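Asker: Sequence:
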Amino acid sequence: MSEILFDEIPSLDLADFVSGDRDKKAAFVRNLGDAYENIGFVAIKNHGLHQAMQDELYAAIQKFFSLPDEVKAKYEKPEIGFQRGYTGKGKEHAKGRNTGDLKEFYHVGQAMDHIPNDDAVNEDYPQNVWPAEVPGFREVSLQVFSTIEEAGKQMLRAIALNLGLEETYFDDKVTYGNSILRSIHYFPIENPEQVPADAVRAAEHGDINLITLLMGASADGLQVLRRDGKWIPITALPDQLVVNVGDMLERLTNKKLKSTIHRVVNPPREKMNSSRYSIPFFLHPRSEMDLSCLENCISADFPKSFEDCTAGEFLEERLKELGLKK
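Residue numbers (the working numbering): 243 to 568.
Please note: incorrect hints may appear among the correct ones.
Claimed, not checked - Estimated spans, in silico, between C-beta atoms of each pair: (1) E558 <-> G471: 17 to 25 Å; (2) S308 <-> P368: 22 to 30 Å; (3) T410 <-> G471: 33 to 41 Å; (4) L479 <-> E537: 36 to 44 Å; (5) K546 <-> D413: 22 to 30 Å.
Keep in mind that the hints were calculated from the coordinates and are not lab data. This structure is a prediction, so every number in the text was calculated from the model and none was measured. We treat Cβ as the ideally placed atom computed from N, Cα and C, and that holds for glycine.
Whenever a hint applies, use it, and build me the whole structure from the sequences.
Answerer: Written out as structure tokens, the structure is:
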């Protein structure tokens with residue numbers, strides 16, 4: 243692997259991977275590997291998520307987040323670590339910080355009625371929560387969930403090939419996985435003097451999951467930390483999703499693939515009274531997935547960096563670090 247300092251995140255076409263053209267598929271896998279081993283982010287097009295579907299979901303979440311705080315609070319579920327429904331303003335903070343981020347968000351998970359009755363995940367996952375005040379919220383959220391999930395599965399197949407694994411290595415591990423569609427509102431700050439001096443929209447962090455697929459990545463403020471310590475902006479065209487490596491995948495690959503630190507910085511003070519929205523899809527495996535470092539990612543030069551654990555154990559630990567579980 244050659245070390246590359248990207249000035250912007252690479253753009254790839256997922257159609258090249260699924261086209262049936264052997265050379266295009268191999269080039270996609272190779273370019274994805276270069277990106278994920280160096281900066282941990284790519285932008286992809288032809289992911290299946292049409293603009294009309296995105297627009298419909300954005301309209302629904304904007305309607306929800308415009309509701310009074312006391313109405314939104316009806317859909318908070320702290321007893322399940324806020325893993326479904328609404329999470330109020332400032333309740334999540336980055337690992338290692340105590341100041342809450344300047345955001346609120348809404349979580350949607352697997353549609354339980356699509357999961358076979360005898361599957362063990364039925365005991366593992368809470369039911370989704372749907373706001374009665376926003377007609378159509380359920381339908382468009384689940385449609386977007388399943389569409390992005392399918393794109394994520396194709397990305398994981400490419401990742402498996404890059405790692406020298408069977409192409410379908412991840413398939414059974416993410417079938418009915420514990421994935422989350424998170425609709426985020428970075429709410430307006432009418433008086434910046436009234437928030438803590440160190441409060442930001444999203445403090446620097448790595449994601450917990452295998453990979454994250456992000457809608458709405460082009461608004462000002464999203465940045466990724468390059469290995470030389472330089473923050474570079476993440477930009478994407480309207481028809482692209484930004485897809486990054488999460489901590490679970492970094493752990494599985496013994497740091498071969500990089501879960502790169504990223505953040506959402508505050509806008510200039512004169513623009514803090516405006517809203518910003520984004521919708522990441524956190525692709526999680528099933529809780530029983532073994533995250534022990536892959537043998538072919540361990541060597542004398544790269545000794546094993548992590549203790550063995552399951553995805554469920556790792557998620558539980560990180561939710562406590564983020565302040566979402568006690």
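Asker: Which earlier hints turn out false for this structure, listed by number in ascending order?
Answerer: 1
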